[in-house]
Amino acid sequence: SAPHTHRAFRSRLWAQPSCQCDFKWSKVQADRVTLKSRSGEGITGRGRRAVLGAPRIKWTFISEGKEAEILVARGQKVKVSKGYCDRVSLPFYPALPTDATLVLTELRSNDSGIYRCNVQHGIEDGHDQCCFTLCSLGVVFLYREGSTRYAFSFAKAREACTRIGAQIATPEQLYAAYFSGYEQCDAGWIADQTVRYPIHTPREGCYGDMDGLPGVRNYGVVDPEDMYDVYCYVEDLHGELFLRTAPDKFTLEEAKAYCEVLGEEIATPGQLYAAWNEGLDQCSSGWLADGSVRYPIVIPRERCGGSQPGVKTIFQFRNQTGFPDAQSRYDVYCFREFNPIVQAACRLPMLDANAPG
Numbered sequence: 025s026a027p028h029t030h031r032a033f034r035s036r037l038w039a040q041p042s043c044q045c046d047f048k049w050s051k052v053q054a055d056r057v058t059l060k061s062r063s064g065e066g067i068t069g070r071g072r073r074a075v076l077g078a079p080r081i082k083w084t085f086i087s088e089g090k091e092a093e094i095l096v097a098r099g100q101k102v103k104v105s106k107g108y109c110d111r112v113s114l115p116f117y118p119a120l121p122t123d124a125t126l127v128l129t130e131l132r133s134n135d136s137g138i139y140r141c142n143v144q145h146g147i148e149d150g151h152d153q154c155c156f157t158l159c160s161l162g163v164v165f166l167y168r169e170g171s172t173r174y175a176f177s178f179a180k181a182r183e184a185c186t187r188i189g190a191q192i193a194t195p196e197q198l199y200a201a202y203f204s205g206y207e208q209c210d211a212g213w214i215a216d217q218t219v220r221y222p223i224h225t226p227r228e229g230c231y232g233d234m235d236g237l238p239g240v241r242n243y244g245v246v247d248p249e250d251m252y253d254v255y256c257y258v259e260d261l262h263g264e265l266f267l268r269t270a271p272d273k274f275t276l277e278e279a280k281a282y283c284e285v286l287g288e289e290i291a292t293p294g295q296l297y298a299a300w301n302e303g304l305d306q307c308s309s310g311w312l313a314d315g316s317v318r319y320p321i322v323i324p325r326e327r328c329g330g331s332q333p334g335v336k337t338i339f340q341f342r343n344q345t346g347f348p349d350a351q352s353r354y355d356v357y358c359f360r361e362f363n364p365i366v367q368a369a370c371r372l373p374m375l376d377a378n379a380p381g
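Residue numbering for the sequence shown follows this note's numbering, beginning at 25 and increasing consecutively.
Keep in mind that the hints were calculated from the coordinates and are not lab data.
None of the hints are false.
Think about it this way: if two alpha-carbon atoms lie no more than 27 Å apart in a straight line, the pair counts; the simulated DSS-like pairs of lysine-lysine are:
(1) K106 to K82
(2) K101 to K82
(3) K82 to K103
(4) K106 to K90
(5) K103 to K90
(6) K101 to K90
Please model the entire structure based on the sequences and the hints provided.
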């Protein structure tokens, strides 16, 4: 089995109840997000007094209870922490000293967390603070036809992603997954009709067009009738996944029927990847709608597919091809769609990107 997954970059922002601030969510454009923060009154003066009067701006990132510095700025001096070099900027500061807007580019899944802006107006003056939560929503994964490797034309690749409850990944989504640590030595179609694959550790058979360098290999625009795997992308689950079992487990047809008896339907691979991305962890192999058998692992352990998290796939052959025989017996993953009324009542309100302010 192998992990064919990685979280990607699309983002949402929520205001934290404990942090009040004047900001507006700015639409994510490709692989960047803008966190808008404005504070205090206008600063006047020239020379040293103006510099000393300029507010001190500090952005930090909070994840898993730990707070790390992103940057500190006062006047013309800006200190950026390692890991954020060439990725963050203050586009309006210091020209507009009260505008602490932060632009973060090349978004990665591990950029998910709380962003805190602290604006200090002077040694004896107060400070303003605001918080944003940035949530990684999507997951990129390699998908292949059950019987063989490299079985999709470009048109069939798009259809395959749709059939399994996903969509074909864009170049930006694949790059974001790569920057988050995703590696996959399998060439796959991308939405712009190019064929690519992400490699962090170059090795024989995985050099592509980059020799010994890490990066996303790119074959360029390829004849649409050529055959490759495909990289798919999925975001929201729009429901719940359940692992269903029985003493004798199920064949594929029995699995589908069992889900239907429960008022559910057998889950698609896209739904399982989305559920994994939301935290589903099950060390039990189960049937899916395409005839594959998979299980999602968030917390790696050796008896559950090794040392890496991901959605693990059961293949018949060592070259990672061949779904299990339909008469084999496994558990099943069933899917139940959210009741729209219940869903609306339970979800946190998302800030309106078009709202004033």
